[in-house]
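Q: Assemble the whole structure, with the sequences as input and the hints as a guide.
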Amino acid sequence: MKLDVVLRIVTKLMLPFMLVFAAYVQFHGDYGPGGGFQAGVIAGAALILYAIMFGLEQSMRVVPTWVVEKMIPAGVLLYAGVGAVSFFYGENFLDYDVLGHDHVHAQELGIFLVELGVFITVAGTMIAIFYGFAGRGREE
Amino acid sequence: MEAVINMVLLTLLVVVTLGVVRLRNLFAVVILGSIYSFLMASVFIVLDAVDVAMTEASVGAGISTVLMLTVLSMTRVEEAKPAHSPLLPLFVASATAAILIYGTWDLPGFGLAQTPVNTHVGAAYLERSIADTGVPNVVTSVLASYRGFDTLGETAVVFTAGIGVLLLLRRGRSRARLKKRQEERT
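Respectively, the protein sequence lines represent chains A and B. Residue 1 is where the first sequence starts when you use our numbering, and the numbers rise one by one after that. Residue 1 is where the second sequence starts when you use our numbering, and the numbers rise one by one after that.
Hints listed in this document are in silico derivations from the structure and should not be mistaken for laboratory results. Hints are all accurate, no fakes.
Just a few of them, taken from the derived set where beta-carbon distance is under 7 Å, the chain A residues facing chain B:
{"hint": "1", "residue": "76"}
{"hint": "2", "residue": "128"}
{"hint": "3", "residue": "129"}
Residues of chain B clear of chain A, computed beta-carbon distances all greater than 12 Å:
{"hint": "4", "residue": "15"}
{"hint": "5", "residue": "46"}
{"hint": "6", "residue": "87"}
{"hint": "7", "residue": "88"}
{"hint": "8", "residue": "103"}
{"hint": "9", "residue": "106"}
{"hint": "10", "residue": "107"}
{"hint": "11", "residue": "108"}
{"hint": "12", "residue": "110"}
Backbone N, C-alpha and C fix where the C-beta goes; we use that ideal spot for every residue, glycine too.
A: Structure (structure tokens):
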């Protein structure tokens with residue numbers, strides 16, 4: 001891939017900020033706008049930008065296809081798993097109170113885990129769809 | 001001030017929509033779609049729906065534009081001439097628009113405190129969120145705690161969409177590979 005050197009350098013400079021911003025949106029979602037869904041999309045967009053600038057092979061070395069394909073169900077499983085844990089402690093499904101020693105802590109932990117699950121699934125899906133489209137017509 | 005911003009944004013939305021309808025160059029249409037999403041994100045910010053604005057900007061203007069451009073690289077850039085006359089779709093669209101606009105006459109004024117939206121559960125969530133969950137952003141507490149079931153369903157929808165698209169794309173590819181292998185054998 002021979003692209004403009006300015007674009008490549010700017011991309012390299014921007015990528016860490018994009019990833020940190022995704023982490024900020026993820027973990028600061030309790031206090032500001034954002035959450036797992038938005039953070040997942042931003043993280044996915046960072047990798048897609050990398051793939052556009054440096055080629056699909058290069059980005060598949062950073063995040064291989066099998067990792068992406070495991071991420072899609074892993075997030076849903078994490079989410080449902082949090083529900084199942086409270087289920088087996090004798091509470092209602094997705095009742096976070098069993099996760100911590102007091103009510104507010106348990107809620108925050110529950111919300112954190114659930115948002116993490118959303119993040120994993122959304123980021124995985126975005127990257128997987130992009131890989132699927134961008135890799136098409138290449139092997140034929 | 002807010003009225004002026006709203007007017008500018010909504011006028012731009014109409015202009016962009018007309019551009020999307022008129023243009024035959026799909027590349028320009030995709031970029032206009034991205035601009036449309038950015039304008040919608042600005043409208044959401046004016047409406048104080050920052051979370052939705054963020055999603056619109058990242059999904060609508062970001063990811064879907066990239067995916068559309070990727071698809072464009074596989075097809076022709078010029079839109080083909082429609083095979084049938086556009087009169088019937090135009091009629092359906094205008095009739096639907098007329099019904100929707102007629103429906104807005106009965107809506108309560110924007111942001112009124114006495115509307116059902118602001119008097120039932122919404123007010124209860126706003127009051128109890130901190131005590132119940134310790135999360136100041138009520139959007140997050142409703143999304144992940146009060147309505148955890150719904151969000152689990154949404155995540156499952158994203159999962160299903162991802163798996164579906166992957167299966168569709170993968171099937172074509174593995175078939176092509178199979179064909180290649182058979183050709184090599186013969």
